[in-house]
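Student: Model the full assembly from the supplied sequences, consistent with the hints where possible.
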Amino acid sequence: MTFGLWSASQSLVEERPGNQNLNQVKVPPASVTTVDQMRYASDGEAKNGFVLIPKGDGSCDHLSKRVSLPGPIQLEKGLYELGREEPADIVVPIPTVSSRHAMIRTEDGRVTVTDLNSTNGTYLNETELEPMKSTDVPVGAEVTFGDVFLAKFQLQSDNEGSNAAKEASAAGSAAA
Numbered sequence: 001m002t003f004g005l006w007s008a009s010q011s012l013v014e015e016r017p018g019n020q021n022l023n024q025v026k027v028p029p030a031s032v033t034t035v036d037q038m039r040y041a042s043d044g045e046a047k048n049g050f051v052l053i054p055k056g057d058g059s060c061d062h063l064s065k066r067v068s069l070p071g072p073i074q075l076e077k078g079l080y081e082l083g084r085e086e087p088a089d090i091v092v093p094i095p096t097v098s099s100r101h102a103m104i105r106t107e108d109g110r111v112t113v114t115d116l117n118s119t120n121g122t123y124l125n126e127t128e129l130e131p132m133k134s135t136d137v138p139v140g141a142e143v144t145f146g147d148v149f150l151a152k153f154q155l156q157s158d159n160e161g162s163n164a165a166k167e168a169s170a171a172g173s174a175a176a
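Its first residue numbered 1, the sequence shown is counted upward by one per residue in full-length UniProt numbering.
Fair warning: there could be bad hints in the mix.
[To be verified] As a list, the in silico DSS-like pairs of lysine-lysine whose alpha-carbon atoms are at most 30 Å apart: (1) Lys55 x Lys77; (2) Lys65 x Lys77; (3) Lys133 x Lys55.
[Said to hold, decoys possible] Here are the in silico distance ranges between beta carbons for each label pair: (4) Ser64 x Asn159: 34 to 42 Å; (5) Asp108 x Gly140: 30 to 38 Å; (6) Glu130 x Lys55: 16 to 24 Å; (7) Lys55 x Asn159: 13 to 21 Å; (8) Ser59 x Met132: 25 to 33 Å; (9) Asp61 x Glu126: 18 to 26 Å.
Hints are computed from structural coordinates only; laboratory data are not their basis.
Note that CB positions come from ideal geometry on N, CA and C, so glycine has one too.
Tutor: As C-alpha cells, this is what we get:
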C-alpha cells in the first residue's frame, strides 16, 4: 500500500484508451504509490488541498480474508484515478474496490468524483453516483468507494483535516 504526493510539474500526462470523457490522467512517477504514507510539511501540517479521512469501521466479516483499513488520502490540485491496484494513482487495496474505480479532480478549491463504472459503485452520503458523471463533493461529505466498512471517507479541507489525518494515521498504526 503506497501513496505519495507530487506536484503538478512532476506529473506526467498519459493517454488511456477507453476513457471517453477522461482521456488525460496525471500519473505520478513510478516511485510514488501509497495511501498509508501521507506526507506532511516540515511543521507537521498536511500540505495544501483536501484530505479524505477514513470513516469505515474496519469490519472484514464480508471478505474471505482480513485487510487493513486505508489511511488518510491527501489530495492536492490535480486529477487522480483511484483503484485497487496499480496503475491507479491512489491505490486502495481492498477487494471490493474496482481496479479502476473512480476519478477524483481537485481544482479551484473544489473536489469532484466520477465513478468509472465500478462493480460496487461510488456513493456520496449514501447515494449512489451515476457512472461517468462528475459530481461535486462538499467538505464534510462522505464518499464511499464500493465498501462502507473499509473504503468510506470524509472529505475535509487541510485546515480541519490535518489534525484528523494525524489522528487517523495514529489509530491505524496502533491497530496494526
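Student: Provide an ascending list of the numbers of those earlier hints which the structure does not satisfy.
Tutor: Hints 2 and 5 are the ones this structure does not satisfy, whereas the remaining hints hold.
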